[in-house]
Amino acid sequence: MILQTEGLPDQHSLKTYVEKVNGYTAARKVLGGMSREQVIEEVKQAGLRGRGGAGFLTGLKWSFVPKDITGPKYLICNNDESEPGTFKDRYLCITNPHQVIEGMIIAAYAIGANKGYIYTRWEYQEEIRYLENAIKEAYDAGLLGKNLFGSGFDFDLDHYTGAGAYICGEETGLISSLEGKKGQPKVKPPFPAVSGYLSRPTIVNNTETLANVPWIINNGAKAFRQFGTEKSPGTKLFSISGALNKPGVYEVPLGYPFASLLNIEAGGMQPGRTLKALIPGGASAPVLTPAECEGLTMDFEAMAQRNTMLGSGAVMVIDDRQSMAELLKVTIEFFAHESCGQCTPCREGTGWLNNIMDGIMDRSAKPDNIARLGSVARNMGGKTICALSDACAMPVMSYVQKFSGELQAYLAAGSGGHSK
Amino acid sequence: MSTETVTFNLNDRDITVPKGTTVMEAAHKHNVYIPHFCWHPGLSIAGVCRFCLVKVDNRPKLEIACNLQATPGMKVSTLLPEVKEAHKWALEFHLVNHPLDCPICDQAGECKLQDFYMEVGKYKSEMDRPKVLKPKALDVGSELVLDTERCILCDRCVRFEQEVTKTGALGIFNRGDRAVVGTYPDKKIEHNYQDNLVDICPVGAFTSRDFRFKQRVWFLKDQPAVCPGCSTGCHVKVYGKPQVRTYFRVKPQESEVNGHWMCDVGRKTYKHLNQDQRLRFAVAADGKGGRQRVSVAEAIASLALQLQGVAASDIALLVSPQYTCEEYDALFAFFVKKLGVSKVFQWREPTENLDAFDGLLYRGDHNPNTFGLSEALAKAGLPKDVKNGFEDLARSGAKVVVALAPEIEFQFPSLAGQLQKLSELAFVSVWTTSGSAYNVKGLRHLVPLKGFAEKKGTFRNFQGKVGELAKPFPAAVDEAKDVVEVVTALAEVWAHA
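Quick note, the sequences are listed as chains Y and V, same order. Just so we're aligned, residue 321 is where the first sequence starts under the numbering used here, counting upward by one. Just so we're aligned, residue 348 is where the second sequence starts under the numbering used here, counting upward by one.
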């Protein structure tokens with residue numbers, strides 16, 4: 321569905337996209353006669369859930385844009401991929417950038433936006449090169465700009481490079497950054513669909529989400545629902561990493577067994593390595609023990625049942641060599657570094673957790689500090705403008721709950737029994 | 348705001364408020380106090396301190412009251428244990444890297460963090476790790492000192508700079524717990540509203556150069572007053588220690604005239620009230636060409652004698668627009684109505700630009716009661732011309748001049764020169780608060796007056812709005828009188844002479 325051009329010669333090119341996988345036929349179909357409402361309805365019927373991490377229903381989100389409002393509206397492709405472990409959108413943009421652009425044309429038409437932006441972090445130079453080349457190709461072919469397919473619909477698309485901050489992947493933080501301000505989330509309401517970029521109605525969708533749209537239009541909601549589960553229809557890109565034989569990005573139907581993803585797609589654990597823990601959806605997802613991975617399927621519901629989340633589909637396989645204390649330290653350090661500093665529980669809480677972890681690492685922490693990690697995290701969660709506070713708190717609580725013995729051992733011995 | 352209303356339930360009480368009202372505003376209007384740091388009624392909503400959390404029935408998470416609009420049927424609680432626990436933890440997070448230096452912090456005694464900790468704090472702190480250290484005592488403006496370590500990043504100061512003065516000198520730099528408030532490179536806070544940053548800072552991060560370390564606030568008494576610094580007539584509070592005859596600061600009091608703010612010029616209007624700046628006793632001519640210290644009663648008697656020795660046409664009044672309506676009424680009732688004096692001139696700074704206005708509060712007319720004086724002049728049947736009357740006075744040939752000198756001397760840079768020129772006229776009685784008048788040896792008659800914080804009365808601002816001086820401090824100078832008292836005594840002596 322999404323990685324349609326993967327492996328074809330010049331997989332990223334317009335020529336390949338058009339000639340080999342009938343690229344831009346969905347946009348032509350939409351602009352050739354579908355109403356905005358019909359497009360939104362088709363996406364709603366498909367049950368497409370946002371692939372950025374939150375899993376919100378895409379069609380429903382589009383329907384929040386006020387219809388009776390004049391003046392500019394905006395569509396933004398959230399391509400700021402920065403959750404540790406996540407690299408699926410980067411792979412998608414290098415492999416099949418035109419499907420993202422086509423998805424944007426359709427989404428823009430559906431919400432009535434004539435201007436779109438793709439927002440990518442500066443570090444991803446290779447991805448940026450492919451995207452900008454694809455945008456140029458599309459403009460040169462008349463697929464972007466004025467009067468697309470003779471429909472009278474105009475859509476201009478720019479690529480914007482952010483300086484690189486985790487929180488610029490949060491939709492209002494992204495909008496602040498795009499506006500030229502410090503990248504930090506905005507208090508809601510108002511929601512971006514009503515007042516977003518430059519205080520105008522704005523929809524922010526993840527790259528992979530948008531790439532699903534042309535397929536849905538071409539094949540219909542029903543066909544889309546043949547893949548995945550009832551509540552998590554379609555396929556999903558998973559970026560799987562760790563001590564594996566074939567780490568990488570794989571597109572599989574939602575609901576795909578974790579064991580198959582691990583052992584078939586990713587080629588299983590490297591020789592001699594065993595599974596110690598699983599982070600199923602990026603660094604912010606609560607960690608699972610091997611026992612909890614039994615019978616696990618890769619979809620929103622199965623993850624929720626295990627009190628964790630699918631997130632962006634960043635599957636991190638932790639093997640027996642890894643110290644959970646050290647893993648928790650780098651996880652907290654990352655979020656403490658990336659907290660924008662706006663909301664107090666996040667600004668101070670992530671820093672405080674990091675401070676406690678410093679103490680565990682250098683053995684200056686008091687024994688009750690491990691429990692304190694949990695109590696601080698519990699009181700940070702759910703209390704801030706955006707979810708970064710939760711993104712730090714959730715893994716901390718899960719590590720304390722499931723691996724406190726190892727944390728204690730590390731504090732007592734300085735290494736948790738692991739060689740450093 | 349809409350005329351439509353909504354009714355919602357707050358702590359089991361139905362409350363009706365205009366549509367669009369936030370739970371925070373509604374709660375405060377109905378005496379339910381929701382703790383907060385970043386919310387300020389004069390600024391936009393930031394929602395960053397996460398302190399004003401409340402529970403809305405049937406919603407999974409606690410929500411911030413400052414950004415939560417009341418909707419019909421909504422049921423809100425500020426009293427549930429989970430809300431109280433959230434408030435405790437909110438404070439705990441605020442205190443994680445905040446130095447516990449209350450004993451030496453200038454904000455102690457009026458620090459919201461300190462107040463809230465006493466009210467809803469977590470008395471046994473969870474924090475046992477070293478704090479993050481940040482820059483202290485930064486020079487960010489001519490009136491300000493910034494201690495970033497005490498800052499709780501509530502963003503009020505940044506929003507003030509963006510939204511009120513529109514100068515945008517401040518930003519929050521860096522991220523996470525390394526975040527600090529500060530000025531942009533090569534920028535400083537240079538406007539006339541700097542001390543508002545001290546007022547709105549809920550902790551001791553911004554302190555006032557003028558006030559810091561001069562006094563513990565709990566030793567101060569305050570009285571409502573009207574700022575005498577310009578014709579806006581901001582409603583203010585004057586803070587002093589009456590027992591040692593010392594004033595320490597002026598702060599704004601919220602009103603429809605000035606909203607939440609006042610300017611730095613206005614804040615300095617307390618300085619002339621202090622005893623060491625004051626004319627502390629009366630002076631009268633000794634009959635031998637010199638002058639001597641006398642009681643106010645003796646000075647008044649001496650003036651009465653002078654007035655009786657000349658015709659009304661030889662008497663002139665020189666009046667500053669810094670006195671109260673009541674004082675003008677008393678003055679004109681005696682001199683104009685009773686004595687028939689018609690030579691009345693206004694004491695104006697020659698360079699003043701009455702039309703100047705900075706767009707916020709400070710006006711080019713540096714007098715609080717130009718409106719009231721004009722009205723009093725008209726009532727007395729005199730021309731209400733506001734031009735500088737000093738030259739006309741010099742040419743008038745008056746033999747006795749009674750002059751009400753401007754009270755706020757620093758607003759009148761030409762004051763010393765004008766006093767000197769006045770002293771060269773025949774017999775000049777200067778009524779004033781100013782100690783510098785005593786140094787002009789040619790002035791042979793002086794009466795000490797009360798300052799604006801020490802008398803009752805009213806000012807009328809540039810729009811004619813009344814500002815009341817209702818609760819005076821005892822005068823810092825025992826001998827000082829207001830103009831009503833002086834004129835009343837003068838009229839009495841006159842009647843019995």
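Check before you lean on any hint, since a few could be wrong.
In silico SDA-like cross-links for lysine to any residue, where the CA-CA straight-line distance does not exceed 20 Å [unchecked claim]:
no.: 1; chain 1: V; residue 1: Lys408; chain 2: Y; residue 2: Asn689
no.: 2; chain 1: V; residue 1: Lys478; chain 2: Y; residue 2: Ala374
no.: 3; chain 1: V; residue 1: Lys584; chain 2: V; residue 2: Glu457
no.: 4; chain 1: Y; residue 1: Lys502; chain 2: V; residue 2: Glu510
no.: 5; chain 1: Y; residue 1: Lys686; chain 2: V; residue 2: Lys615
no.: 6; chain 1: Y; residue 1: Lys686; chain 2: V; residue 2: Thr418
no.: 7; chain 1: Y; residue 1: Lys502; chain 2: V; residue 2: Asp533
no.: 8; chain 1: V; residue 1: Lys478; chain 2: Y; residue 2: Lys508
no.: 9; chain 1: Y; residue 1: Lys501; chain 2: V; residue 2: Lys615
no.: 10; chain 1: V; residue 1: Lys598; chain 2: V; residue 2: Lys615
no.: 11; chain 1: Y; residue 1: Lys508; chain 2: V; residue 2: Asp533
no.: 12; chain 1: Y; residue 1: Lys502; chain 2: V; residue 2: Gly515
Beta-carbon label-pair distances, calculated as ranges [as the list claims (entries may be wrong)]:
no.: 13; chain 1: Y; residue 1: Ser355; chain 2: V; residue 2: Asn405; range: 50 to 58 Å
no.: 14; chain 1: V; residue 1: Gly711; chain 2: Y; residue 2: Phe384; range: 47 to 55 Å
no.: 15; chain 1: V; residue 1: Pro407; chain 2: Y; residue 2: Asp682; range: 53 to 61 Å
Here are some of the chain V residues that sit facing chain Y, going by a computed Cβ distance under 7 Å [to be verified]:
no.: 16; residue: Val395
no.: 17; residue: Lys408
no.: 18; residue: Asn414
no.: 19; residue: Thr418
no.: 20; residue: Pro419
no.: 21; residue: Trp436
no.: 22; residue: Phe440
Since the hints were made in silico from the structure, they are not lab data. Every residue gets a Cβ at the ideal spot worked out from N, C-alpha and C, and that includes glycine.
Here's how the hints hold up against the structure:
Between lysine 408/V and asparagine 689/Y the alpha-carbon distance is near 27 Å, which puts this suggested pair outside the 20 Å criterion. Taking the CA atoms of lysine 478/V and alanine 374/Y, the gap is about 34 Å. The hint is violated against a cut of 20 Å. Our distance criterion of 20 Å between C-alpha atoms is met by lysine 584/V and glutamate 457/V, whose separation comes to about 15 Å. Taking the CA atoms of lysine 502/Y and glutamate 510/V, the gap is near 17 Å; set against the 20 Å cutoff, the hint holds.
For the hint pairing lysine 686/Y with lysine 615/V, the CA-to-CA distance comes to about 52 Å; that exceeds 20 Å, so the pair is violated. A C-alpha spacing of about 47 Å is found between lysine 686/Y and threonine 418/V, which places the hinted pair above 20 Å, so the restraint is violated. Only pairs whose Cα atoms come within 20 Å are accepted, and lysine 502/Y paired with aspartate 533/V is accepted, the gap being roughly 19 Å. The hinted pair formed by lysine 478/V and lysine 508/Y fails the criterion: a straight-line CA distance of about 31 Å is larger than 20 Å.
Among the hinted pairs, lysine 501/Y with lysine 615/V is inconsistent with the structure: their alpha-carbon atoms are about 37 Å apart, more than 20 Å. As the CA atoms of lysine 598/V and lysine 615/V are separated by approximately 10 Å, the hinted pair is consistent with the 20 Å bound. Distance check on the hinted pair: lysine 508/Y and aspartate 533/V sit about 34 Å apart at the alpha-carbon level, beyond 20 Å; violated. For the proposed pair lysine 502/Y and glycine 515/V, the alpha carbon gap of about 14 Å is at most 20 Å, so the pair holds.
Our hint of 50 to 58 Å for serine 355/Y and asparagine 405/V is violated, since their Cβ atoms are close to 36 Å apart. Range check, glycine 711/V to phenylalanine 384/Y: Cβ separation about 51 Å, and the 47 to 55 Å hint holds. A beta carbon spacing of about 38 Å between proline 407/V and aspartate 682/Y contradicts the range 53 to 61 Å that was offered as a hint. Evaluation of the valine 395/V hint against chain Y yields a held restraint, the C-beta minimum of about 5 Å falling below 7 Å.
The interface hint given for lysine 408/V is met, as the beta carbon of that residue sits about 5 Å from the closest beta carbon of chain Y, less than 7 Å. Against a cut-off of 7 Å between C-beta atoms, the interface hint on asparagine 414/V holds, since the closest Cβ of chain Y lies about 5 Å away. Using the Cβ-Cβ criterion of 7 Å, the hint placing threonine 418/V at the interface with chain Y is not satisfied: the shortest such distance is roughly 12 Å. Annotation: proline 419/V was flagged as interfacial toward chain Y, and the flag is violated, the nearest CB pair being 17 Å apart, outside 7 Å.
The interface hint given for tryptophan 436/V holds, since its Cβ lies 4 Å from the closest Cβ of chain Y, which is under the 7 Å cut-off. About 4 Å separates the beta-carbon of phenylalanine 440/V from the nearest beta-carbon of chain Y, less than 7 Å, and the hint is met.
Checked against the numbered hints given earlier, this structure breaks hints 1, 2, 5, 6, 8, 9, 11, 13, 15, 19 and 20; the rest are met.
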